[in-house]
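Protein chains in written order, with the working numbering: chain A, 1 to 425; chain B, 1001 to 1126.
Be careful, since some hints might not be right.
Label-pair distances were calculated between CB atoms; the ranges are [to be verified]:
no. : chain 1 : residue 1 : chain 2 : residue 2 : range
1   : B       : Gln1031   : A       : Ala44     : 28 to 34 Å
2   : B       : Gly1017   : A       : Lys236    : 49 to 55 Å
3   : A       : Pro75     : B       : Glu1025   : 17 to 23 Å
4   : A       : Leu190    : B       : Leu1103   : 43 to 49 Å
5   : B       : Ile1073   : A       : Asp225    : 17 to 23 Å
6   : A       : Asp59     : B       : Thr1014   : 30 to 36 Å
Hint data in this document are derived by calculation from the structure and do not stem from the laboratory. Quick caveat, the model's predicted, so the values are computed rather than measured. C-beta atoms are modelled at their ideal positions from N, C-alpha and C, and glycine is treated no differently.
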Amino acid sequence: MSRQALITGIGFITPIGNDRDAVTRNLREGRHGLARVEFLGNPALPVKVAGTVKDFTADSPDWFDWRYPARYDLPKSVLRAFSPHGLFALCAMEQALADANLSADALKDGGTGLYCASAGSSMMLHHHLRGLMMSRGKRCSPHGVNSSIAGTLNFNLAAHYGIRGAVGGFAAACASSSHALGCALDDIRLGRQQRMIVAGAEEATAESVLPFAAMHALSTDSDPDTASRPFDATRKGFVCAGGAVVLILEEAEFARRRGAPVYAELAGWGQAADGHSVTASHPEGLGLAMAVERSLADAGVQPAEIDYINAHATSTVAGDRSEALALRKVFTDAGARPRISSTKGLTGHSLSMAGVMEAAFCGLALKDGFMPGNAHLQTPDEACAGLDLPRATLDLPPRVVLSTSSGFGGSNVSLILRKIQEARH
Amino acid sequence: MIDPASRPSGSTPTAAGALRAFPAEIQDAYQRYATQGDLNAADTVVLAIVMDQIKHPSVKRTPGPAGDHSSLIGDLGLDSVSILDAVFTIEGVFCVQIPDTDLPGLATIGDLRTYLRRRLSPPSAT
């Protein structure tokens, strides 16, 4: 028999707050965390808005320049091998452990695993490679690789916390941390691990953000109040964001035995790819529709039982349209009309981190009884015909929710979360 | 005294930049070495750079203050990357390049200090 996996702790370092209460408040009130930025001191750059992390300064390759809230006591032996988004992840991890009433010692017995998602630190890689090139290959920091490449989160977090269960990283761009959650769920359901920690993190530095401008994927809107508007007919691209979210999953009986606080059940997942393009979604969202159908089957849920969908929709012209068509195929055609929103209107698009962050938002919605609205949506794209896209947050408690994420290469992941009856302490 | 022939090519961080994270007395020690050629002060900086790599005071550390006799691995609990990071920092601070082939001979703090003094001292006149 398949075991059940419960979400028992979450840590947030996000554009809309660095703790659970702030994030919940901003989701409910529709307050975005986007800000004007000037990359590389160049006012001529068309990208002028990003989803920024507040109360942290970490845009230098030198850890000694980083500033973070005093509540975090972080050893420099860890920081010296980290990148800025590793700093965010470390803080989110400390939050998640406290949220789950877990000591760090509880992670060391082999029953806990760790899956991480990030694209690595383009800034750190650039810094180290520049030193290497300028010395004609002679000189490079011994931390050049492990602080920079995709995998830096799992390398460093697993070592620091002494995690001896399943440890690995996911590199599927914007679907990465959703993949991590799905595979973590499977590890628990198959009895391989009692607890899985999933961390997603990214940096919104020039090196990470500006290459997306070269793809014409980013919004050039200079107004943070309107730049990210998923599903809107006038949308022109996404707004990059950074931060970290850590989510702790535990096998249900194990969690109950230790009296763990619970947000919700991670009830199922599905994935399917578009087989279409490196960068563009399938024009009719076929892969995403299949991923959603597979997740419904996995969770044993009918379309009509889904109360709320947290859509991937990033505010790109093609991507949002593909998703709207996919959701119409699965839900509208089946006579179902869940509420649908993309919270990227508030947060921007945090790339590898998006999946776990939005699953965490779903956990908050199930625990607190609300459904986030579509910030900045004025005129829905005609592709959204028939979809229920509330503008403001609804004070209605969902019971079953679905969260989608899509990434380069046409990866699509759908996660299903379900309310359970245990109250959170 | 810095051996110009040993200065590595390409861009290196300044000593001041490399020592920014260290206490004022270590930065002052570096200044005494740089302005007066005080090799005892250089010894102080070397010790500080190595000790900065210790991940946790309780890890594999032989009791008592560290000194020339302290082995990097056995007494101080450093791993290979920590040793390389200490060497990388020493190279940057003192503008020397330490070839990989010389590393096996640098097992203790005393070995590091002696090696660096030899590299920093000007060749004696014949």
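Now for the hints, and whether the structure bears them out:
Between B/Gln1031 and A/Ala44 the Cβ separation comes to about 42 Å, which falls outside the hinted range of 28 to 34 Å. Between B/Gly1017 and A/Lys236 the beta carbons are some 42 Å apart, a value that contradicts the proposed interval 49 to 55 Å. Separated by about 22 Å at the C-beta atoms, A/Pro75 and B/Glu1025 satisfy the suggested range of 17 to 23 Å. In this structure, A/Leu190 and B/Leu1103 meet the distance hint of 43 to 49 Å, their C-beta atoms being roughly 45 Å apart.
Separation of B/Ile1073 from A/Asp225 is about 57 Å and departs from the stated range, judged on CB atoms against 17 to 23 Å. Between A/Asp59 and B/Thr1014 the Cβ separation comes to about 20 Å, which falls outside the hinted range of 30 to 36 Å.
In this structure, the hints that do not hold are numbers 1, 2, 5 and 6, in rising order.
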